[in-house]
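Student: Protein chains in written order, with the working numbering: chain D, 43 to 272; chain Y, 43 to 272; chain G, 153 to 384; chain X, 28 to 393; chain U, 28 to 393.
Worth double-checking, as some hints may not be accurate.
Straight-line alpha carbon distances no greater than 27 Å define the calculated DSS-like cross-link-like pairs of lysine-lysine that follow [what the hints assert, rightly or not]:
1. Lys337/G to Lys294/G
2. Lys175/Y to Lys87/D
3. Lys175/D to Lys177/U
4. Lys267/D to Lys175/Y
5. Lys195/X to Lys175/Y
6. Lys294/G to Lys124/Y
7. Lys195/U to Lys195/X
8. Lys87/D to Lys175/D
9. Lys366/G to Lys337/G
10. Lys267/Y to Lys175/D
11. Lys124/Y to Lys267/D
These are calculated hints, taken from the structure and not from any lab test.
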Amino acid sequence: MSLLGPEEWQAVALSLRVALWATLAGLPPGILVAYALARWEFPGKQVLNGLVHLPLILPPVVTGYLLLLTFGTRGPIGAALKEIGIVFAFHWTGAALAAGIMAFPLLVRAIRLSIEAVDPRLEQAGATLGASKLWVFATVTLPLTLPGILSGAILAFAKAMGEFGATITFVSNIPGQTQTLPSAIYAFLQVPGGEASALRLVAVSVAIAMAALIASEVLSRRIAKRVAGA
Amino acid sequence: MSLLGPEEWQAVALSLRVALWATLAGLPPGILVAYALARWEFPGKQVLNGLVHLPLILPPVVTGYLLLLTFGTRGPIGAALKEIGIVFAFHWTGAALAAGIMAFPLLVRAIRLSIEAVDPRLEQAGATLGASKLWVFATVTLPLTLPGILSGAILAFAKAMGEFGATITFVSNIPGQTQTLPSAIYAFLQVPGGEASALRLVAVSVAIAMAALIASEVLSRRIAKRVAGA
Amino acid sequence: GQVTVFAAASMKTAMDEIAPLFAEATGDTAVVSLAGSSALARQIQAGAPADVFISANPGWMDALEADGLIEADSRTDLLGNSLVLIAHDPQATPIEITPTLPLSEMLGEDHLAMALVEAVPAGIYGKAALSALGLWDGVAPKVAQADNVRAALALVATGEAPFGIVYATDARAEPGVTVLGTFPKGSHAPITYPAARIRDGDSAVADAFLAFLKGPVARAAFERQGFTVLTE
Amino acid sequence: MSLEVAITHCFGGFQLDIAFEAPPGLTVLFGRSGSGKTTIVNAVAGLLRPDAGRIALGDQVLFDSQRRLWQPPHRRRLGYIFQDARLFPHLTVRQNLLYGRWFAPSDRRPDEFDRVIEMLGIAPLLGRRPGALSGGERQRVAIGRALLAKPRLILADEPLAALDEARKAEILPYFERLRDETRVPILYVSHAPAEVARLATSVVALQDGRVSRHGSATDVLGDPAVTPLGAGAAGAVIEARILRHHDDGLTELEAAGGLRLLIPTVPRAPGTPLRIHIEAQDVMLATRRPEQISALNVLPCRIKALRMGNGPGALVQLDACGNLLLARVTQRSVSTLGLQDGQEVFAVLKAVSVAKGAIAGGPEPG
Amino acid sequence: MSLEVAITHCFGGFQLDIAFEAPPGLTVLFGRSGSGKTTIVNAVAGLLRPDAGRIALGDQVLFDSQRRLWQPPHRRRLGYIFQDARLFPHLTVRQNLLYGRWFAPSDRRPDEFDRVIEMLGIAPLLGRRPGALSGGERQRVAIGRALLAKPRLILADEPLAALDEARKAEILPYFERLRDETRVPILYVSHAPAEVARLATSVVALQDGRVSRHGSATDVLGDPAVTPLGAGAAGAVIEARILRHHDDGLTELEAAGGLRLLIPTVPRAPGTPLRIHIEAQDVMLATRRPEQISALNVLPCRIKALRMGNGPGALVQLDACGNLLLARVTQRSVSTLGLQDGQEVFAVLKAVSVAKGAIAGGPEPG
Ligand SMILES: Nc1ncnc2c1ncn2[C@@H]1O[C@H](COP(=O)(O)OP(=O)(O)OP(=O)(O)O)[C@@H](O)[C@H]1O
Ligand SMILES: Nc1ncnc2c1ncn2[C@@H]1O[C@H](COP(=O)(O)OP(=O)(O)OP(=O)(O)O)[C@@H](O)[C@H]1O
Ligand SMILES: [Mg+2]
Ligand SMILES: [Mg+2]
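Just chain D, with the same shape it has in the complex (with noise of 0.2 Å):
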């Protein structure tokens, strides 16, 4: 298509894989984490709780420029991880972890007040025919949660197809690795004349969210009706 030019339709590319990735990687943490709160007192549930939140109250910048420190290729983790052969520092791996960890937050919260709203009792029913925490983890609680989880999948999705300052910070902007199209749109709007540009990138951007949102409305109704009955 003329609308965009290919470097841009790379930065699109990156972004929907971006967020899918941060999005759906974030999942099984994020419901793990949702549950821990929702469910579990241990000691530090404050400090866990704190620090899934931290990725909102920071700035981005400082966001990503903790992450530059930690999974940078000489922080402590990102070193031991490029032992193993993960790299995330400057690679779109990396860009997709800024956007998961910002994400996270919205994920979590999400999944954590579907949880909070799973009757207990149909939980203990479970218990009395046999199955273990577990069982009754992936039969019931999960299932109930869908919703949540549904809610929590497309903010984080919204958020990491948005997600700038941290990634910008991390990854830098590097076209067809780590140039995700909000970055594109940053550096259209830092020179003169780029406005055009930026707002056809930004239609993009929204068109994509928007599809997701809608599929999402869809989705989430039909799992409503199947509960409701019929």
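Since the structure of chain D is already known, use the hints to place chains Y, G, X and U with the ligands on it.
Tutor: Chains Y, G, X and U with the ligands alone, transformed into the frame defined by chain D:
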């Protein structure tokens, strides 16, 4: 205290004020929109839903720029509001507006999720007892949604404490008026060797948000206990 | 070969022109990562795979040099820029910027848009210039500091602030503002964009790229943007 | 005030198509599980909008699909006792009970609250929240909440199913009083024959979404061709008046045609009308007046109809001085005693067989 | 396998302190609303951890506060039919029914599923989700789900309260079969005297969190001093065997001492042990053998005890060839007939009075 200079204390106070107002003023429209999205069917529902999520998807700079265009003193809404004495441009209220709008999607999602979890059979029971839709909402739905409202509010507060891109673009950074903690932190990070100063402000910001987080946990546990019965 | 260039975001337009020309001329490709100088410098400190760094101010280049991260020999002051006072009013008549300029009176209740005066280069230069002219104390409370020059420019362009201080390169391309005057050279440290090769980088292609930047093709591109080219 | 209901509604596989008129008093809806009782009650409450039809309470139309009329539930002024209690979990028991009052016209009877909580035995629960109540406690609070809303129409969906016999015995008279003393129509879903017999002014029997039988309690329960609650429920309802109280704890009644009956004391003044449900299986027949027997009621009757069942039983319809009686005996007894239509026999009935639950204040003529 | 329960637990104002042993078979818990039934069942299920005490099933200890032993609910292999159905709303009825199977040892009886859904009449619901079921349908699915989990212990908290009489009559025999054919102990909460009489191997009566009476069904229901379900429930339980079937639809039974009884057909082979609940108010007494009367059972007895009640009634304990019988008559009859201890009298009992619901397969000697 000697930890922070007077200008920094000003930034702390301003950030608190901005975050509180962004959260509190966001609640009524947030609840309304969440209710509309959760329970009503109307044309343009998906458009509203998209609009609400927009600040999440757009790079904050873009949001800030759009705010400048609409709520600036020359913007269509800004000019009208100026007539009746409401000014956002270069004013702390503008910072609150920007933070509120950035936090709005988080607020709405959490509340919406909670509203969707309210058993409609309880609302029906309220209706049979003579309560009109509005009364049912006020006496049944709303109280049962409290955990979600609290959850949304704390997310919004944290987000507002950390918001920076849209705020600085919209109301820039005038010490004592619109210089929030994140702007101050950002400024420190722009110069070589500013990390230590930034860190002190980050610590203050985190401390405030954690205090709010813990307060909300305590409150929400109390609510949950009441509803479980005791 | 390929060269990875970390360049200040304000150079986007120029770099977008130069990179394809470089490829055409040498057969090598230049990948340009554009972000704030501070972010780029920190990334280089953290081991970013950059070969060339072009900073929007000497401060961060100095910091990298102190850390031994750049080839000191390769460092050149590539570009220069000047600082201008702009107005929203299209009818505004040019004025000379002197210590007697009644800037504070001109502002009245309104704001003067600048970049962050303690953090962002354009802001730092602007504050230095105003101080040198003895105007700073009068306008300080009225300064609206944006996080970058472009945002300051936007404030003036939308009319939110009647006046602002930005780079000449930015002012030139924005139809919504009028340049009132240029700050005298001596009122602030020279505005330079240093470029250098990163120590761990691929030296051959990087050197070629740096050379290309100093060449006539690049010079033309820079000048179209309003930069002063400092290299010979 | 009477309630007219005529609606059709379709849920996936289930088709409801019913019409009945509930006269003032208490109308029992019964039928097997899944026959559509709750669906009807929901339609009357306004919680379900039927596909088509009309629902009117007195001269107020609640729903009319042709005239596109629809009153929302909160305008209908109902007291709905749900099959599942549906208490508000965030409110205390007291707040739950008073919920309907906020929206009701101000009080005629300020002591109503105390009376209701005393009857329901929920005074100790007032400060608690529903989450920690037992099943029966919850149901009692739900009953109280509906009754205290000062409704113009009471809908009760199996209100007593979760309660023990003793508690039921305490609450039943309250429904009787509501039925007799107020003009509030009551639509009452119940599976329990004793409740039906005792409370019903009229009965609507449902089968697979259709009305299979509709009439006064006397008619439906006294018709040997219809034993819709199971054979056990067949029985006659006799309208009588209290004649006098004996001092050995018995009350003597007089029914139509001067028929006298002795039953355990009913604490009402002589002259009070009563209705008694006499189950068919509690009545014995004898062709010669039995003597030296503990049964106190030996009533001369004439056999009006004899109906052999599929099993070993036979249902005998009797005329006792103009009152209808039903007796359930074995077919063997029919042949041994040589029973036939028109024959004069004696119905033998124990005073104590007329269980407490089956004696009810007579309905006002209405 | 018997279940021993001895626990104390305190909820705010409510104090539970009970101990009983439930022998194999079916143990009915009854008591008024709020007396602690569900609390006990929850403790046995492991959903509530009592403050102190011990719960053991056979030689397996489920809970012992002294030894700090606690088995989590999913290890207990229970089938708990909750007072509120608690179906999984996201699963279809079929998936709900099969839920427990995932965790149960593999099947001895592959046709069990079909048998259970047929008995419960839920075959047409299998593909639906619980949200759209009627109250009774939901409860039936909940019963099925618990039964299909192949439990070692069944807990049933008012399982039939929401069901119509006909449906109850279909499900009760299943519980009987469970009680008699398997070794699975059943703890069963019920308010309905007919269910208690029919199903109970033993009965635990609760009052305000304490056991007020505990014994075999025969003992508790046959003791005129205890009529804990209300006077209506007093009655004797007679253990008998089927002697032969008559072709007019009657079955002849023989009880201890050669006592013969005629009741409506019971479709079991001759020789099958049965137990019959004969309610005291269905028994008449005569001092002379009545003749020409429809009652088929006229049993010579001796009066063992006479107990005057507070009201007009008297409860007479009778010995019929060694079987205990109870008769409820008026005090007036006692004096008119001159009844006294030791007197020989005739108990008159209609065949049809022995209602279907009160005839049960006799418990295996346990
Ligand atoms: N979580 C709780 N917190 C406080 N009190 C409770 C709690 N659960 C039950 N109770 C109280 O304990 C008592 C016994 O409750 P339980 O549910 O065992 O009664 P029940 O015998 O099952 O009654 P029902 O027949 O009404 O179901 C009741 O008074 C109840 O209010
Ligand atoms: N929302 C629904 N969607 C589909 N079918 C439904 C819905 N609600 C009820 N039904 C079906 O309609 C039929 C009638 O339901 P209803 O609740 O009126 O029965 P009921 O007579 O109250 O039974 P019960 O005595 O078991 O409560 C049932 O077969 C039920 O499964
Ligand atoms: Mg129903
Ligand atoms: Mg209970």
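Student: Does each hint hold? Answer for all of them.
Tutor: Hint check results:
1. Lys337/G to Lys294/G: Distance of about 24 Å is within 27 Å: holds.
2. Lys175/Y to Lys87/D: violated (39 Å)
3. Lys175/D to Lys177/U: holds (20 Å)
4. Lys267/D to Lys175/Y: At roughly 22 Å apart (the allowed maximum being 27 Å), lysine 175/Y and lysine 267/D satisfy the hint.
5. Lys195/X to Lys175/Y: violated (34 Å)
6. Lys294/G to Lys124/Y: Given that 27 Å is the threshold and the Cα spacing comes to 20 Å, the pair holds.
7. Lys195/U to Lys195/X: holds (19 Å)
8. Lys87/D to Lys175/D: holds (20 Å)
9. Lys366/G to Lys337/G: holds (23 Å)
10. Lys267/Y to Lys175/D: holds (22 Å)
11. Lys124/Y to Lys267/D: Answer violated: lysine 124/Y to lysine 267/D is near 47 Å, above 27 Å.
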